[in-house]
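Q: Residue numbers (the numbering used here), protein chains in the order written: chain X, 1 to 948; chain E, 1 to 362.
Simulated from the structure, these hints should not be mistaken for lab results. Careful, some of the hints might be misleading.
As the list claims (entries may be wrong) - Pairwise CB distance ranges, derived in the manner of DEER restraints:
#  : chain 1 : residue 1 : chain 2 : residue 2 : range
1  : E       : Thr220    : X       : Ala637    : 29 to 39 Å
2  : X       : Phe932    : E       : Thr21     : 43 to 53 Å
3  : E       : Gly198    : X       : Asp865    : 50 to 60 Å
4  : X       : Ala637    : E       : Thr219    : 56 to 66 Å
5  : X       : His431    : E       : Asp180    : 27 to 37 Å
6  : X       : Thr720    : E       : Asp103    : 46 to 56 Å
7  : E       : Pro316    : X       : Asp436    : 49 to 59 Å
8  : E       : Val154    : X       : Phe932    : 42 to 52 Å
9  : X       : Asn315    : E       : Asn179    : 45 to 55 Å
10 : E       : Thr21     : X       : Ser428    : 13 to 23 Å
11 : X       : Arg447    : E       : Asp103    : 13 to 23 Å
12 : X       : Gln900    : E       : Asp103    : 28 to 38 Å
13 : E       : Ser27     : X       : Arg584    : 40 to 50 Å
14 : E       : Arg240    : X       : Gly906    : 25 to 35 Å
This one's a predicted model, so the numbers in the text were calculated from it and none came from an experiment. Every residue, glycine too, gets a C-beta built ideally from N, C-alpha and C.
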Amino acid sequence: MRDERVAPSCSTTEVVARRFAALLCALVLAACSAGSLAAQTGGAIAGRVHDATSSLSIANALISVDGGRQGAASDTGGFYRVREVRSGWHRVQISRIGYRPVVYDSVLVRSGETVTLNSELTALALQVESIAVTATPDRVLDPMVPQDLQRVTGEEIRKLPVTTVAEAVALSAGAVGESYRGGRLGEQAFVLDGIGVKNQLDASTGAIGLRIPPDILTEASLVTNGFSARYGQAISGLINVVTKDGGDHWEGRTALETDRPLPRGWDYGIDRFVVAGSGPLGKGIGVVGVLDAEGRLDADPVNAPPPPDARDPRNANPYLLPHNSGERYDAGLKFTVPLGTRQTIRLFGLQSIDQQLLFDPAFKYDPAFAPAQRVRASLVTGQIQHTSGPDAVNPLTIDLRLGYFDRSFFRGALTDQPKLEAGGFTFSTFHFLGQDLARRMDTTAARSAVPGFVAPDFSDQSPWGVPAFFLGDGSRGEIAWNRFREVRGKLDVTLGAGRDADFYLGGEIAGQHVQTFQRVFAYLPVDSTIPPPTASDFKPLSAAAYAETQLRVQDLAFTIGLRYDEFDGRLPAGLGGKRFGAQRSINPRLAVSTVLKGATFVASWGRFSQAPDFQYLVDAAFDDTTRTGRFREGNPALGFESAMQYEFSLRLRPTDHTSVRTNLYIKRLDGLVASVPLTLDPDSTIFGNTDFGTVKGVELIFEKETTHGWGMRIGYTLQTATATATNAFQILRRIRIDSLLPPGQDTIFPARVEFPLDYDRRHSVTVIGQGRVNDGAGPRLFGQAIFGGLEAAAIFHFGSGLPYSRTNTAGDTLIGLPNSARLPPEFSLDALLRRPIRVMGLNGGLYIDGRNLLNRRNTLSVRRDTGQPTLTSGTLQAIALAAYNAHPEAIPYESPRYRQWADLDGNGLIEGQNELLPLYMAAARDFAQPLFYYGPPRLLRLGIELTF
Amino acid sequence: MLVYPKPVAHCALVCLALACTHDQPMSVGIYAPGGPFGSVVPLRLTYNPGEDLGPVWLPDGSGFIYTMERLDRDDKDRCLVLMPAGGGSIEREICDRIPAADDSVDAYGTAAIAPNGRLAYVRGTASFAAGWPVTTHDQQLVVGTLADPVTVRVLLPSIPYPSPSGRVHQGVAQVRSLNDTSLVYVGQQVSYPAVCMGCVLRDTLASGLEIIRLDFGSTTAALHVLPGTNQASSVAVAGRDTLLFTINGDTRILRYTLADSAITVVHVFGGGIARDVQAGGGRLLAVVGGLVSFTPDSITGGVQRDSGGTIVLVDPSNGNETPLAAGSLFRHPALSPDGKRIVAESYVGGSRSTDLWLLETP
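The following block holds chain X by itself, in its conformation from the complex (with noise of 0.2 Å):
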């Protein structure tokens, strides 16, 4: 055993002075040269060897990993680096005639991570038993480590009370959901394996699809600074994926999660089943299968209070709503398959797929016609890879993958509903209205009324009768579908030059097919008043290029690199009326770092591009309630939207087992793509590049290590996000000067006013800690130790209001300056407790996962005209009065609208507004209860899983 850590010194005056200057240099040479920063899925053994005796140097030892798959000589100096070690764990043996080897079986090498083995030899040529190595590298301290990231592992996962990648990845500082650094939704990119994959095509308005099972993963992180010129593709994040090997020995885990034993409001109707095995296939062939299915009978529960009326069905039942299970489904598969004892072909898959019944207000009493959706995605990738021998003078690894996606979304109406066979789970394919006509893009057919849809004619299933607010009789009239494939290849040269100086080289290019249908109120046919059906059909061209080096002076380190990306829509002549040619993006970027006197301090600069959604290439019709148009003329035009991000980072360790991270960043974002409006008639909007910004912030990172039992990380950020959209479909807004000054001061349009983001949080705090009880500690109970081997973890959330713009009542006129109220903050305590226990001679666990432990009603979004969820009851009686007088026909008493206890006067019918007016107000108190304005209640659910 040996713990040695690399911990550089910096103990003279002299030195630090030197590497002042040294960083100076550098931040000159990055005004006019480009740099990058790494992440990776690999990272980098390296340390010098010596003489066990003398401690001269040892010069030709090879160092071996992975019985020679991978391995470097010593130089003169006793250096060695051996790169592009994938990430986990490793079996590294060291070597030279005349020595004793030293074998290490468990070097354990995270992704962007350079792990330090200084080893001695002793002059004796005898085998060794093998020494397992739990030295770690300094990742706070290591200069070679420049991003600000933010990692968890597939282990961390299983402990934490977390289930997904995406939720672990949001617990990073800086994170609002899937936001990064106030960006929009879907300006990070997705990098599995080293090969990109993201939803080019609506990523800003729709998950990528792909769920990555914890079970398979070896390590998810978060990069927010700036990452490695060979990923493009992405403004506000990276998120680095590395999936396991399947290892020399079989092992593998299965859990049951469910809530079913809790009592009733306890009970959301959640099952998850997981299965996953690895192991080795014979001829060094090793596989990693995994399983992993959610149910749950309330996709999306929410705190809402229940509705004061005992007549509301939800008064007495307001845990789950109806309508609004899902179903998860994500399998992967990998193999890895040595070929010789130089090439590895890793080859993957991986399927997911959402279904989910969707909860519409307005179909509350007739949810059979409320709208589902599935998003289906699939990945398979392939990577073959080259590594030099030990003995290569320079180093060299060759990565060359091959990935090809395909995601497929639809929403609508449902041809039938689905039977829930168990829990939220249907274990069948939905089928919706229009979904032939979706997939043959018949945008002539789809102009008539779409076979099998019905108009919606208001509901006389609600306990009110009358007819307002509710429908029923048919859907929405919405077809929804888009399907997005892309076969994507990429070549990464990594070359060693000396050990001091890593070359990267690499490129890629993407063939993408976008196919997309979007047909609203499918049950009438097109007129004047209906919006055409929206197609297109095209096949896009993306590819990039990139070169980056980092270089090793002592503890100071520079990466530098230059990516070059460009995209072709190449969009069928006719469809935009011209055809545009290929847009050029040239993205530079520069890190710098070094120690400081037990702090390590890192610059960088880069600058960050991504193509736009390809949706708003083209035209786009929709369902928009908010009265803002429902037509968008698609723009083929459209170029890269981009950012420009500065940041210095330091990084401190006060003790032994706790360090200190902060960041300071300014990013500015431009050309994002917005809704700009031609006339005065909404439909008349066409997207552009013209949306700008600015985020700023400083993210403050406390970490305890898992020492004694315990360990602890907080993070909190500072943020400020401004621009002059959040998304893409908000029309540009023109705000008059005297909206902003007192009245009549002037009256033009400014050209440039930053209003805060949608997901502008200007605080945010998470607290995580982790503790386990050793395995004999505490009272005992049978001779048993109670709480012998306990784990526990909680994971706390603080996050300040998100902002908001206020209406008037009316809804059509900003009241202030958009974004300038605040929700009220919002705050969560989550918690994981596992005990281990032995079953059937398997080793496994017990636990409970608790979400929003203190039941917490977060308020996630307010009513523009109240500031609050709920109406005033002022606007309550007025939207009640303006039903009834749309409709204030008598009830006769045969009617299914008819309610008996409203017949005031018993004559069979309900008439006058003595009689009507109490339905109407108490259907539009009902109809107006706030649901989706509250995030989840208190979740709990209880595990079971074994290993074996």
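Go by the hints and put chain E onto chain X.
A: Just chain E now, kept in the frame of chain X:
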């Protein structure tokens, strides 16, 4: 590491895997009344401010279909609706739901239901741009199914139409299902006389001309005028080969045998003009007397005006007549298949609105 006894571990596994089912989301209740409003026979079944017309029973007697005027809808459409046999809340509506047609009155009526679920009905459209529908246009006799009444075969593509007898049928009434591929109905003349001198408001006056058998077993519907049915005012099916019918201005119920076109007298009422004959469950009834008049016409043969009469039950075995709810005026009664219930139209009070009433046979 805790080592639990196997039974405990097994119990934990079984409890988790096979625990009781999940709670369910809120479910929608039944808020409409489950039965009729009251219990005294004759029982008023409908309170609709609009017209409720032309009840016909389902073959299994579980309910009946009638035409309901939807004054609560902007387009004032008339829909076929299904009510359970004992009354209560409407269970189903068959309406024109094409929003593009909201600028006109679309009326579904004169329904006939066959034992195999086939549903024939007349659909028509009237413009109410002038303030109120005066004449219908685009009338058709169609046949679909009760399960899918919208997907239909058009049997009479345009009404008015020339009948094989040479007369023009301006309306189709009393549609009855004869068998799987045949209907019978009364072809009518329809006029719209002004209700007063110089009035814009007009009445709709329909009067029977003859009985038509319509065979639609082949691709082309074939019309046959039943000889001897001139001036028929109503028709009922009394068996595979037998029809009952009445004639304008006549007090008799006549039998028509399809095999040989023979006509015989079944019953002669002593109380006035008989119409709206019905047969079922071994019983026979007709509306007799009341506010009815017949005006002979040398060209058309005559016009019968009917504002309702007394429902009279006839015992076929001895010819005894039993008036039901004497003093009340009914039209278009429908006798249930078991012969125990009658649903009929009746005016209520001074209202011009027609509602449906339920009567029971003794």
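Q: So, for every hint listed, does it hold in this structure?
A: We went through each hint and held it up to the structure:
no.	hint	verdict
1	E:Thr220 - X:Ala637: 29 to 39 Å	60 Å, violated
2	X:Phe932 - E:Thr21: 43 to 53 Å	26 Å, violated
3	E:Gly198 - X:Asp865: 50 to 60 Å	55 Å, holds
4	X:Ala637 - E:Thr219: 56 to 66 Å	57 Å, holds
5	X:His431 - E:Asp180: 27 to 37 Å	33 Å, holds
6	X:Thr720 - E:Asp103: 46 to 56 Å	55 Å, holds
7	E:Pro316 - X:Asp436: 49 to 59 Å	57 Å, holds
8	E:Val154 - X:Phe932: 42 to 52 Å	47 Å, holds
9	X:Asn315 - E:Asn179: 45 to 55 Å	54 Å, holds
10	E:Thr21 - X:Ser428: 13 to 23 Å	19 Å, holds
11	X:Arg447 - E:Asp103: 13 to 23 Å	21 Å, holds
12	X:Gln900 - E:Asp103: 28 to 38 Å	35 Å, holds
13	E:Ser27 - X:Arg584: 40 to 50 Å	58 Å, violated
14	E:Arg240 - X:Gly906: 25 to 35 Å	48 Å, violated
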